[in-house]
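Q: Please put together the full structure from these sequences, using the hints given.
Chains E and D, in that order, give the protein sequences.
Its first residue numbered 92, the first sequence is counted upward by one per residue in the numbering used here.
Its first residue numbered 92, the second sequence is counted upward by one per residue in the numbering used here.
It is worth saying that the hints were derived from the structure and are not from the lab.
Since no wrong hints were added, every one of them can be taken at face value.
You can't tell identical chains apart in this list, so a pair holds if it fits in one copy or across any two.
The calculated lysine-lysine pairs, modelled on DSS-like cross-linking and capped at a C-alpha distance of 27 Å, are:
no., residue 1, residue 2
1, 109, 191
2, 158, 138
3, 196, 345
4, 223, 158
5, 261, 117
The model shown is predicted, which means the values in this text are computed figures rather than measured ones.
2 protein chains.
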Amino acid sequence: MTPQLARYFERWTAKVNKALDHYLPKENVAPQSVHKAMRYSIFAGGKRLRPVLVIAGSEICGLSGSKVLPTACALEMIHTYSLIHDDLPAMDDDDLRRGKPTSHKVFGEAIAILTGDALLTYAFHLIAKNSKMVNSAGLIPQVVETVAQGAGFAGMVGGQVVDIEMGEGKWFRHPRKKQIEILNAIHRGKTAALIKSSLLAGAYLASARPREVKRLERYAEGIGLAFQIADDILDITGDKKLLGKKGSDQANRKLTYPAIYGLEESKRKARSLVAHAKAELNSFGSKSQVLSELADYIIARSN
Amino acid sequence: MTPQLARYFERWTAKVNKALDHYLPKENVAPQSVHKAMRYSIFAGGKRLRPVLVIAGSEICGLSGSKVLPTACALEMIHTYSLIHDDLPAMDDDDLRRGKPTSHKVFGEAIAILTGDALLTYAFHLIAKNSKMVNSAGLIPQVVETVAQGAGFAGMVGGQVVDIEMGEGKWFRHPRKKQIEILNAIHRGKTAALIKSSLLAGAYLASARPREVKRLERYAEGIGLAFQIADDILDITGDKKLLGKKGSDQANRKLTYPAIYGLEESKRKARSLVAHAKAELNSFGSKSQVLSELADYIIARSN
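A: The structure is reproduced here in structure tokens:
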């Protein structure tokens, strides 16, 4: 990460964390268990990539990031809810997340399910609340729509479902061409969709012009897919303790980029996606620096 | 149910069902399992009370119900998601719902969790879509907010959490006054909150005046609580086969109105709530007939 990007993250994650603390229900208010569980997972040490994307999407289109903090928090809540539900025994059955016990390990399965539900619901509440801080309340439906699309059956949930449908090596049965199709559906859904929604939510709140939205959309699709490829690579090469979770994809014979393309070709694909993504930013001039450096950072993690 | 109210339900449930079929993803589109599961639970035979409340809330404030169908569908999706998650093994562990196998029994736990998530997410998408059919897109944030509040940690999810926190007879330990407090928190949350959100969502879409909103809010709080009391009563007195679920609350020593107040006093309370709710409708004149008859119907079920 360049020093400038690091400073941007530092500045905005501090503000996002403060806003999250402000918006989340207090731990000592009933019903306490769900409020505690919401805070436990939200403050378990995420990178705040999605909130920063909301902010960067807004700023590249000319609106200060401080005007989109409720929506930035909303995207972090949606990301967090998805991790809580993914970790459940009926799903990936993970005991650890970022080196800490997962929500259901601490609060029990029922509360973990409800905590995910509460975070997802509250996310839309916060997007609605954002209406008072922007130019027009009429911008909100577009934001809700793009976020719901990225998070729902055509996005994140859909990717997770394909992943489950193809679990336990079921993708082995398909020919290579179909495997690639499935792989892209999973990756677009599970990660890229919400990354795109984050960036576009910020852009819409800044009253972005359709041409700007189109470019940011293509940029986000590129870095979103590159991000997931980098995750696949890290799962094989990374320090598992450092990641704080089991390096389990390979063991479970999960469909990943390295499994289909091999390690070197996967890295090449990620680099190419990032180069194309950065090219989409040209017309934004000097305002594009943050997103440009962010694109590089996304694959630097896995190099 | 009066013949007139029955006709109102018949007419609008037909339209709501058609709209649900239109908006829900098709079963033959990938990923099929979640699309099938969404449709399975949505079309499992609900009464469509919440959609009809959205419509009635809109119509009593002067806007045709046909203009709020996306939001009406949204509220049914939220209701259905909550049933799917409530039935999960980690929660109430129910095998049957309305006489049919529950979602996780048919599709497995992982898909059932994700199907609930997908329905909840799509609900907000549909509310956003409703912006094109009403006077101003600027009305939508208020609708999203009231629905998220009714469904989230301060509403439905919160009620469910208190219910779990007080499960297995834990409420026995508290003094009677505290028991009543807990009971009301559960009932307000689990049922009344979303009933209120449904009615108010319709009212907001119809650009209701603040005074109208206040009255409908009080009406909805009354019938919402009466509805849950009636459910408690039915759980003891009703034909269990007819209800299609286990008459299990008593067996689990769950906190219910009859458990605290006895059967007769519970019935009296429900009747009193309904009478007060109906009084709130006076100023709406002849347009109030549907909601007035609906209030009577809600307790007639349990008499």
